[in-house]
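Engineer: Here's the letter readout for the chains.
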Amino acid sequence: MLLRMLLFAWIAAALIAGFLWAPLVPVLGDTTRVFYFHFPAALLTCVAFGWSTLHSVLYLARRDLAHDAQAAGAAELGLLFCVVATLSGSLWAKAMWGSYWNWDPRETSIFFLMLIYGAYLALRSAVDGEARRARLAAIYSCVAFVAVPFLIFVVPRLYFSLHPEPVLNARGKPDIDPRILLVAAAMFAGETALFAWMLALRVRVARLARAREGA
Amino acid sequence: MPSASSSSAAAVWAILRKECRSEWRTRYGLNAALLFAIATLTAVSFAVGRLGDRPDLLAALLWIVLLFASLAALAHTFVREVEGHTLTLLRLTASPTSIALGKLLFNLLFLAVIELVAVPLDLVLLGGPPLHWGRFLAVLALGSVALAGTATLVGAIIAQTRGRGALFAAVSLPVLLPVLAGAVSGTRAQWSGAPVGAELRLLAAYGAAMLGLSLVLYDHLWEE
Numbered sequence: 001m002l003l004r005m006l007l008f009a010w011i012a013a014a015l016i017a018g019f020l021w022a023p024l025v026p027v028l029g030d031t032t033r034v035f036y037f038h039f040p041a042a043l044l045t046c047v048a049f050g051w052s053t054l055h056s057v058l059y060l061a062r063r064d065l066a067h068d069a070q071a072a073g074a075a076e077l078g079l080l081f082c083v084v085a086t087l088s089g090s091l092w093a094k095a096m097w098g099s100y101w102n103w104d105p106r107e108t109s110i111f112f113l114m115l116i117y118g119a120y121l122a123l124r125s126a127v128d129g130e131a132r133r134a135r136l137a138a139i140y141s142c143v144a145f146v147a148v149p150f151l152i153f154v155v156p157r158l159y160f161s162l163h164p165e166p167v168l169n170a171r172g173k174p175d176i177d178p179r180i181l182l183v184a185a186a187m188f189a190g191e192t193a194l195f196a197w198m199l200a201l202r203v204r205v206a207r208l209a210r211a212r213e214g215a
Numbered sequence: 001m002p003s004a005s006s007s008s009a010a011a012v013w014a015i016l017r018k019e020c021r022s023e024w025r026t027r028y029g030l031n032a033a034l035l036f037a038i039a040t041l042t043a044v045s046f047a048v049g050r051l052g053d054r055p056d057l058l059a060a061l062l063w064i065v066l067l068f069a070s071l072a073a074l075a076h077t078f079v080r081e082v083e084g085h086t087l088t089l090l091r092l093t094a095s096p097t098s099i100a101l102g103k104l105l106f107n108l109l110f111l112a113v114i115e116l117v118a119v120p121l122d123l124v125l126l127g128g129p130p131l132h133w134g135r136f137l138a139v140l141a142l143g144s145v146a147l148a149g150t151a152t153l154v155g156a157i158i159a160q161t162r163g164r165g166a167l168f169a170a171v172s173l174p175v176l177l178p179v180l181a182g183a184v185s186g187t188r189a190q191w192s193g194a195p196v197g198a199e200l201r202l203l204a205a206y207g208a209a210m211l212g213l214s215l216v217l218y219d220h221l222w223e224e
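Residue numbers (this note's numbering), protein chains in the order written: chain A, 1 to 215; chain B, 1 to 224.
Treat the hints loosely; a few may be bogus.
What the hints assert, rightly or not - Here are the simulated distance ranges between beta carbons:
1) A:L181 with B:A166: 18 to 26 Å
2) A:Y100 with B:A47: 27 to 35 Å
3) A:N102 with B:G165: 51 to 59 Å
4) B:L57 with A:L87: 46 to 54 Å
5) A:L201 with B:W13: 32 to 40 Å
To be verified - Incomplete in silico selection of chain A near chain B, CB under 7 Å:
6) L58
7) Y140
8) V143
9) F150
10) I152
It should be emphasised that the hints constitute simulated quantities derived from the structure, not laboratory data. Bear in mind that the values here come from a model prediction, so they are computed numbers and not experimental data. Note that the Cβ used here is the ideal one computed from N, Cα and C, for glycine as well.
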């Protein structure tokens, strides 16, 4: 309970700092603050899907349904953060580039991620028997894990890129105000804790449901 | 018994022959895929006319027709075993790897037959001949390998689920998107006289990755 209150206070403090303490980037103006939602959510999407893949591989190696619950929960939550990152990015794109969607490489890759994990969850819902569901989902997760680097790093290179990445993320040394980075990092830490807490709840629910069916 | 002949070339060859024979008996998948390709090409041709000066559209339409014409049939190799209750017997006689390789080779052959009809028809109805036959055929060949490798693996997963047909397209398309993107981009580049090295590398790497993954994962696919 105390931890949850702390988490709430942490995220609230980070948001307030984002509005009152951190400066605005000249070109971006007020929309700078979208960064505090968009960037941590996008990063956390990758963390969540990575966690899901890790547990899928562990399930195939060890055949413990606890790993399957972790993989499924992380995929669901990752999809949630993926939607947050996409929607905030889309609104930001409308404000900055004048259009909600441009199929720019980053937009394309996050859209692919959404499709893949949507398909993963659709696959899970179509399999009878939890051991078989866990096994088939883990196998698909491995296939997706191989496809993702192609979708994110290779395919966008084939199409010309129009992303304003250098504005916020110059290679090596970020030419971005350290206060903005600090707030974004604090948001990321807070959202990661939120993710861990929600995932623990999902895993517990799955374990209880299994225990009830077994009893 | 399976371990003696497992993943040997003989077992793969036997599976490939069995697949060809059972497909030839009904020709159900082949007829459906060919008719689908021809009907779609006709519809597209009526709708847009000739596209000789629009290589971007020509490349995209060619691959979309090929993808959707072959997709349902590519999953069919495994679905057929599950629906006919012959998978258990098949597994008694061959290792998962040789079943996978045999079915992959059959799917490649199947795709080649579809392309033999659909690609010339597409070129005749919609546009002109490719600018660089070598590049065009290289993209087509590597694209087919990547497409067949991915679709065979996803088809094996899907065969064990409920509502296989409807689910297959939804589950396989996201992982087929790199293939589609690379193949369309390569076909388009060839028409505008640009080099296609990047696309060929992408398709080859993706096909190799899917093939390697298949060999690792097929052991886990059937355990019950």
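Engineer: Each hint should be assessed against the structure and marked as holding or not.
Structural biologist: Cross-check of the supplied hints:
Hint check: L181 of chain A to A166 of chain B, Cβ distance near 46 Å, so the stated range 18 to 26 Å is violated. Between Y100 of chain A and A47 of chain B, the C-beta spacing of about 28 Å keeps the proposed range 27 to 35 Å intact. Range check, N102 of chain A to G165 of chain B: about 34 Å between beta-carbon atoms, so the 51 to 59 Å window is missed. Between L57 of chain B and L87 of chain A the beta carbon distance is about 31 Å. The supplied range of 46 to 54 Å is therefore violated.
Checked against the hint of 32 to 40 Å, the pair L201 of chain A and W13 of chain B fails, with Cβ atoms roughly 53 Å apart. About 13 Å separates the beta-carbon of L58 of chain A from the nearest beta-carbon of chain B, more than 7 Å, and the hint is not met. About 6 Å separates the beta-carbon of Y140 of chain A from the nearest beta-carbon of chain B, less than 7 Å, and the hint is met. Evaluation of the V143 of chain A hint against chain B yields a held restraint, the C-beta minimum of about 6 Å falling below 7 Å.
Interface restraint check: F150 of chain A against chain B, minimum CB-CB distance 4 Å, threshold 7 Å, status holds. Hint on I152 of chain A is violated. Least Cβ distance to chain B is approximately 10 Å, over the 7 Å limit.
In the structure shown, a violation is registered for the earlier hints numbered 1, 3, 4, 5, 6 and 10, in ascending order.
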